[in-house]
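Protein chains in written order, with our numbering: chain Z, 1 to 260; chain E, 1 to 285.
Calculated directly from the structure, the hints in this document are not laboratory data.
Since we're looking at a predicted model, the values are computed, not measured.
Be aware that a few hints might be false.
List time: in silico BS3-like cross-link candidates among lysine-lysine, alpha-carbon distance up to 30 Å [said to hold, decoys possible]:
| id | chain 1 | residue 1 | chain 2 | residue 2 |
| --- | --- | --- | --- | --- |
| 1 | E | K189 | E | K164 |
| 2 | E | K221 | E | K137 |
| 3 | Z | K156 | E | K281 |
| 4 | E | K221 | Z | K156 |
| 5 | E | K164 | E | K93 |
| 6 | E | K164 | E | K281 |
| 7 | E | K93 | E | K137 |
| 8 | E | K281 | E | K137 |
| 9 | E | K137 | E | K189 |
| 10 | E | K93 | E | K107 |
| 11 | E | K137 | E | K56 |
| 12 | E | K221 | Z | K47 |
| 13 | E | K164 | E | K137 |
| 14 | E | K137 | E | K107 |
| 15 | Z | K92 | E | K189 |
| 16 | Z | K156 | Z | K92 |
| 17 | E | K137 | Z | K106 |
| 18 | E | K281 | E | K107 |
| 19 | Z | K156 | E | K107 |
| 20 | E | K93 | E | K56 |
| 21 | Z | K156 | E | K189 |
| 22 | Z | K106 | Z | K92 |
| 23 | E | K164 | Z | K156 |
| 24 | E | K164 | E | K56 |
If you only want the chain E side, here are some residues facing chain Z, beta carbon under 8 Å, derived [to be verified]:
| id | residue |
| --- | --- |
| 25 | L91 |
| 26 | T95 |
| 27 | G97 |
| 28 | P109 |
| 29 | S111 |
| 30 | F117 |
| 31 | T121 |
| 32 | P135 |
| 33 | L139 |
| 34 | Y166 |
| 35 | G172 |
| 36 | G173 |
| 37 | M174 |
| 38 | M282 |
| 39 | F283 |
| 40 | I284 |
Yeah, the Cβ is synthetic: ideal placement off N, Cα and C, and Gly gets one too.
Given next are the chains, with one letter for each unit.
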Amino acid sequence: MFERVSSFLYPAITFVMLIAAWQLSIDVLHVPDYILPRPMMVLQSLKAGYIDGEFWPHFLFTLRSTVSGYMIGCGCAIVVGAVLAESPTFEKFVYPYVIALQSMPKVALAPLIIVWFGYGFASKLVMVALICFFPLFVNTVVGIRQTNPALINMMKAFSAPSWFIFVRVKLFAAAGHIFAGLQISIVLSLIGAVVAEFVASSEGLGWLIQASLANFNTAQMFAALLSLVFIGVVGTRVIQGLHSRLIFWDRSPSRTTAAS
Amino acid sequence: MREERMSGQATARATETAFDQSGAAQSTETNIQAGTAAVVIDRMSVIYRSSRGPHKAVDNASMVVRPGEFVSILGPSGCGKSTLMSVVAGLLKPTEGTVSIFGERAKGPRSDVGVVFQQATLLPWANVTDNILIPIKALRRNDRDYAQRALELLDLVGLSQFAKHYPGELSGGMQQRVGIARALIHDPKLLLMDEPFAALDAMTRERMAFELQDIWLASGKSVLFITHSISEAVLLSDRILVMSASPGRFIHEVSIDFPRPRTVETMSTSAYAAACGDIRKMFIH
Chain Z
1 MFERVSSFLY PAITFVMLIA AWQLSIDVLH VPDYILPRPM MVLQSLKAGY IDGEFWPHFL
61 FTLRSTVSGY MIGCGCAIVV GAVLAESPTF EKFVYPYVIA LQSMPKVALA PLIIVWFGYG
121 FASKLVMVAL ICFFPLFVNT VVGIRQTNPA LINMMKAFSA PSWFIFVRVK LFAAAGHIFA
181 GLQISIVLSL IGAVVAEFVA SSEGLGWLIQ ASLANFNTAQ MFAALLSLVF IGVVGTRVIQ
241 GLHSRLIFWD RSPSRTTAAS
Chain E
1 MREERMSGQA TARATETAFD QSGAAQSTET NIQAGTAAVV IDRMSVIYRS SRGPHKAVDN
61 ASMVVRPGEF VSILGPSGCG KSTLMSVVAG LLKPTEGTVS IFGERAKGPR SDVGVVFQQA
121 TLLPWANVTD NILIPIKALR RNDRDYAQRA LELLDLVGLS QFAKHYPGEL SGGMQQRVGI
181 ARALIHDPKL LLMDEPFAAL DAMTRERMAF ELQDIWLASG KSVLFITHSI SEAVLLSDRI
241 LVMSASPGRF IHEVSIDFPR PRTVETMSTS AYAAACGDIR KMFIH
């Protein structure tokens with residue numbers, strides 16, 4: 001019981017203290033609104049955005065490109081990762097390029113992607129999918145490769161064909177790593193969407209932040225940022241929930257492979 | 001071939017045969033002609049090639065397991081007995097020599113062989129019943145036809161109450177029992193056991209040995225059992241093949257003919273102690 005209460009109460013205390021410190025520093029240091037808006041102004045901006053409704057199209061645009069790009073990128077990552085992990089020949093063909101692509105900052109591709117896919121939804125989707133791909137791809141390969149060889153040996157001794165070993169053993173063994181990759185990709189997908197909107201867009205929360213710059217509407221920037229945080233937190237929670245529900249046999253903390 | 005008999009009590013007698021390389025090959029030759037043996041290993045060598053040069057894991061090994069017989073291979077760690085087991089299980093090709101199972105040259109894993117490993121190697125994401133049914137699914141047979149047999153095997157290994165439990169919820173001994181049930185589900189004629197109790201504590205280990213004897217007596221299967229426990233080998237085996245360390249070769253063959261079922265009382269007879277002692281002397285000169 002105490003665990004449950006404290007898990008809500010303690011962060012709430014931190015929150016109140018942060019807001020108080022924020023408000024206090026503005027009052028004491030006389031920070032102008034355009035540099036740091038008052039908490040109340042951010043709240044008003046959120047109200048104007050979501051109750052009066054101006055933010056909804058932007059919120060939904062970013063949500064849509066993030067979710068669909070995430071699903072496409074992650075789907076490709078798992079499939080390509082599985083093929084590469086299973087086929088040493090395929091690996092020899094593509095591995096050097098995978099390394100090269102991985103070490104490239106994907107956001108630097110944003111202008112090129114805009115040129116190829118236009119100003120609209122498609123370029124955002126591609127950007128998100130691209131940036132989601134690599135961490136999950138790497139985790140899938142690592143996850144499949146680290147399957148306990150004793151389990152594979154056991155399956156072979158019972159005459160299991162390799163597809164059977166892949167489906168019944170390797171995919172399950174890799175599941176923990178795959179979920180860790182899905183977790184990383186959630187955050188990266190938001191980065192991808194926002195960067196693509198920064199570069200060229202007429203919609204989205206990223207665009208909203210950019211547009212707020214024109215009249216130094218920092219309260220609106222904060223409001224848009226909070227919206228992005230909301231998407232990120234909900235997404236992370238969903239993946240965590242799926243992880244603990246589906247991967248019930250592995251209670252070890254999720255291992256992450258750093259990649260971005 | 002030299003043969004010497006060791007006297008024991010009227011009910012218990014152990015026969016030891018020490019043989020040289022040519023003798024081993026010769027004794028196998030006669031059995032190949034019989035053709036019905038569960039396992040025939042004929043002058044088999046396994047050489048691993050690594051960056052540090054070739055390593056001979058098994059050297060010119062010959063042996064036979066007759067139908068229904070319980071044969072143990074006893075040797076120190078790293079003597080190549082697990083390598084030998086991998087070859088019999090069809091997971092590894094011998095560098096020289098041949099392995100035949102039920103009269104057929106071994107080419108790969110076979111559906112009439114069940115294997116129990118040193119680690120239980122259960123799938124952590126599958127419950128006990130599904131783990132037991134793995135060989136059935138791997139052989140692409142209909143697992144519904146084997147549901148009843150799975151229940152019987154669960155009963156045999158004393159885990160009826162744990163059918164829907166996951167491996168993580170079981171103790172090491174229980175996991176290994178699931179491993180044994182899994183090896184029996186497809187009703188193999190030959191059971192290969194690679195140090196199945198090595199990961200268990202000493203007390204569980206002894207209890208499991210007696211359970212294995214009961215299972216074996218009830219099933220009548222041929223068993224090739226690998227162990228580094230002298231006492232375990234003497235308790236369970238009809239015959240013990242003693243292996244020397246690297247490169248692994250058979251140096252002695254010991255017949256154990258204590259009556260079955262062997263019990264805790266058997267283990268406290270002087271004949272049992274003598275049999276263990278004689279084998280111990282083969283390792284400690």
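Exercise. Starting from the hint list further up, note which numbers the structure goes against and sort them upward.
Key: When the structure is compared with the hints, numbers 3, 5, 6, 8, 11, 12, 15, 17, 18, 24, 26, 27, 35, 36, 37, 38, 39, 40 turn out to be violated.
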